[in-house]
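Model the full assembly from the supplied sequences, consistent with the hints where possible.
Protein chains in written order, with this note's numbering: chain B, 1083 to 1450; chain F, 17 to 334; chain U, 8 to 531.
The reader is advised that the hints may include incorrect statements.
[To be verified] Here are the simulated lysine to aspartate or glutamate pairs, DMTMM-like style, with alpha carbons at most 20 Å apart: (1) U:K424 x U:E329; (2) F:K240 x F:D135; (3) U:K209 x U:D236; (4) B:K1321 x U:D350; (5) U:K424 x U:D342; (6) B:K1321 x U:E311; (7) U:K209 x U:D175; (8) B:K1321 x U:D342; (9) F:K240 x B:D1362; (10) U:K209 x U:D244; (11) U:K209 x U:D465; (12) U:K424 x U:E455; (13) U:K209 x U:E176; (14) B:K1321 x U:D359; (15) U:K209 x U:D439; (16) B:K1321 x U:E349.
[Unchecked claim] Sample of chain U residues facing chain B (criterion: CB under 10 Å; computed from the structure): (17) G319; (18) P337; (19) R338; (20) P348; (21) D350; (22) H352; (23) P358; (24) L360; (25) E364; (26) T370; (27) R380.
Because the hints were derived from the structure by calculation, they are not lab data. Positions of the beta carbon are idealized from the N, C-alpha and C atoms, including for glycine.
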Amino acid sequence: MPLRLVLEPRQAAAPLRALISLGTALGLAWAFGSLVFALAGAEGLSGIGAAWRAMLQGALGSGYSVSEILVKAAPLTLTGLAVALCCRLNLWNIGAEGQFVCGALASCWVALFMAPGLPPRLLLPVALAAGAAGGAAWAFAPALLKARLGVNEILSTLLLNYVAVLFMEHLYYGPWRDPAGFGFPGTAELPEAVWLPTFFGTRVHLGLGLALALAGALWWLLARTRWGFRARVLGLSPKAAAYAGFRSARITVTAMCLSGALAGLAGAGELLGVQHRVQDGLASGLGFAGIVVAFLARLNLLAVPLAALFLGALLVGADQLQTELRLPGTAVLALEAALLFGALLGEFLAANRLRLVRRGRKEAGHAG
Amino acid sequence: MLAEVFGGMDVQGLASLGQIAVKSSTAVLLAAYGEIVAERAGVLNLGLEGMLLLGALAGFAAGAATGDPLLALGAAACAGALAALLHAYFAVSLGVNQVLSGLALSLLGAGLTGVLGRDLLGAPGLVLGSVPLAALADLPVLGQALFNQPLLTYLALLLAPVLSWTFTSTRLGLLVRACGENASAAYASGVPVRLVRYGCTCFGGALAGLGGVFLSLSYTPGWKEGLSAGQGWIAIAMVIFATWRPLRALCGGLLFGVLTAAQFSFQTQGAELVPVWVLRAAPYLLTIAVLTLVQASARLRRNSGPPANLGRFFHPEG
Amino acid sequence: MQPSETPPLLSCHGLSKRFGAADGIGSVLANDVVDLDLYAGRIHALLGENGAGKSTLMSMLSGWLSPDSGEMRLSGAPLVLRSPAAALRAGIGMVHQRFSLVEALSVAENLALASGGAPDARAAAELAHSFGLALDPRRCVAELSMGERQRLEILKMLALGARILILDEPTSVLAPSEIDALYATLRRLADEGRAVVLITHKLPEIAGAADEVSVLRRGRMVARNIPRDPALPDGWDMAALSGLMVGRELPADGAASRREHGEVVLRVRGLRGQGQPPAFSGIDFEVARGETFAIVGVAGNGQEALAATLGGMTRPASGSVEVLGRAIGPRTGRDLVAYVPEDRHGAATVPDLTLAENLLLSTTGSRGAFFSRRAGARSAAAAIRALGVTASGPEALARELSGGNLQKFILARELAKGAPLLLVEQPTQGLDVLAVSEVHAAIRRAAESTAVLLVTGDPLEALALAGRVAVLFRGRIAGVVEASAPDAFDRVGRLMAGLGVDVSNEGGPAVGGPAAGVVAGGAR
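Structure below.
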């Protein structure tokens, strides 16, 4: 073969790098998705094409489906922010799923058991705050273990996801089960007073506005406040943080709890805005999807809502495929994995240029 | 409380408890060995959970289709190794963030097995049962626990000393350790660092695949979505607990097995003492507790940090 | 010794190496048509400043980089090297400044890694003995001193049959007495028919060891194979070599001026580090305003940990550090110490932040919840002006600055704090000659108004800047030497190597400031 591929580093402008990265992510996801469709029984190229069309139709085909994208984008923005915030500090919060669940449980507890004692006007804010607190509480233990003892937070946050889901199942199969629910596992429907207001007769709820506002607020926190400056320094160089005398352990704990609060808020929003009761399917991978959202946004907090919209469209489209191709719900995980691999490959291609050179010339370079 | 559960237990009960304990540790052990091999060479692979699932499904499908145990094991090992190859390409050749690539692999395993396994849910398949080792199996208590087990459990017990010896006393082990401790020094001495890392990652993937097929053919025969239930993550924690040493991983794995067996025992005899959901959550909580213990105890950590170049990209001209 | 008598063992012609794409911004021509001849039996010194291209040249010779153009010949035959392994097979062995040893492995295992086969302690011991290099094969590399690690590196190369041995800045990690032992070893290896290359930027070092000298400046070879001139005391005209290296005259070093010392600023009492065994213990000394006090030691004798504690980054196990009576620690008294740590690119600055943001790093706690980028930019601009830092402005990223400019920026930032104590750690490591003289001048100016504590591994730097020099050996102060004493350098060198006449006086004697007893300096 006279030609060979050579890689060399490139200095590309930031927007170009983002474009390459995103393009590669989409390209790889498209190729891999096609493969999955073929494996799942789509016949030939036309079958694969039909599957993609079905997905597109499912996501953007009607006003209702577009509104469903917005419904999904609200929690995805929040869990994406949760993951991105931690990553900016060089921390991994893989526990957004568990924090999401705990946030939902905390606000459910407020709505079911504290509601009678609260003035109606306060009910919703308290339920939301409880959600944030629940998520933060679930993140607190891993945060403390990480900051004080250096316990690996990837593992601790991840393992706690399983615990949170088991706890939730215990509650809605046991003590919280709706007595009037004919034995159906799940809590009673929450009183309407705590439902998040919805818009335009769709399921789009106030949580979306909250998520957008929080994206801006979080960006401002990191870029403009002294705490944010310290957090950024800690993320970029722990040694510099020690040199500057920052309280690194405290910043770590605060950031992880903040991250947990965001994920908890996502759970509360999903409960109060969409599901209205705790039941099977409340934790449907929106926490894990936050990882994908954060890295599609390349950890840029202001880009997180856009990435969340995109992934929301993917999720809504994939729902359509479940009926069309009889694909299980987990299929979307494969697409998310392809997006992640694609984003990683894209990062690499954005930093390196592929070039074809004549094999002979390269060897001449070596020898003489 | 413990006395209530274990007090009435006779020798037979103890023997069966021991058998369950050793059996329960198998998948975690195989996956942990695989991770140790990869990490000792410097590659962090958080995709164990995905590789367990892929191995479980591939082995189950091959077993159901052919009825040949060897083919089933081979398919599982190949599936695990192929998945690991994907990670190795991203980690070793492209030098991207290994945590992220591993997480993506875990997602991929869950998603792909969900799609490919939907027609095998609840389908009958091959079962690899216990193979008693002649007279040894008749020994009291220990015989049941150690010598009346499925083949892969024997493999899990034997691999620890074999791997340990390989690391300490062979040239191959020396090369692997050198790549994980100081890749550029190893390269300067003529070690093909990237080849070693590819090899170790794929070998680790094959072991994880075998761990997976143990779950779908021996432990709880049959295919169901997410049957590994976080055992891949527990295996990664086990590697930290074991301070990257196979023999210590064996101890950790057996400890995990004992806890699992105790949990079964509680569920049947002591459910009113401890709520079932707490028992089911116990493996995850105890894993975090063990990780905390390792970090807090200077004695457990002595001379045993992670490989110095773990997760670090090596490029000859970089 | 005429270079033309015998054919060279290794010759290079027209080697060039460029980093970055030829048309790209930021591309550097590290080697520009370089020629070099190496002869068996000779020790060849390759002189050049940091960044002159020495390391690039040697990386090409040892197979780590491939040249863009040019050729190498080994005993007349063309030589193409694609990897370090290939270079080793050709008999070219390189001892990097950063050793390529696996710290977690034993001496025998490191040797086995390089030479093939399974580890064998007895064979390793015999090998070490045969080359006269004393090493215990069972010990873990992490436990070895820098000198022992260097011996192991050399042994590795010899075990592989190296005929050409290249050593990159071999003396930078050694105590003066270890340097003599190294030179003796190198002479013996050359006499056995090997070619030895010493890469260095320190002129005094070549006088003791080299047979011939080449000088590299900005990627070009400006002088080749100049033989030793027996008529000159040092073997070469050092001023001329220095001129070749730098390309222009250096500003003359101002001698440390004699000043009256003011009140005691820094008081260190019974300081003992964390860990078992502690990195340092029994540290007592005082530094007065207007005085420069140096702590010098070979790397690994505890000065890194000591500097971190003195700078307030870590807490001591026991003892106290006080500046003007106030304790220094992670949460207290940080504004009293202007601290320039050794790690310029990771601790003193964050490479990915701007200079304005980096300026705010060590000047925290002054304002409320918001951080003012405008104030940071103003102060950064002032710092840039104060020491003549070459940077595009306050919005330049720290990573874009050269080592010397970054160090000047850090110094300016710390000096602007107006703290009573300036603590500088390894201030000139890795800087080029001009930057070194500028940094030294800035430290001298600072010493006029503050107390200065210098922690360094370089005895020459310590003696050039400080009035008193304390030598740290195995975590204890082995002795304190008055810099003006006529035999100060020898005495510091002996103490650094642990041959201290003063070891019996561990700890205490440095107390009492300039007026108190100076242990080893009899010249008062």
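Any hints from earlier that this structure breaks? Give me their numbers in increasing order, please.
Violated hints: none at all, because every hint is consistent with the structure.
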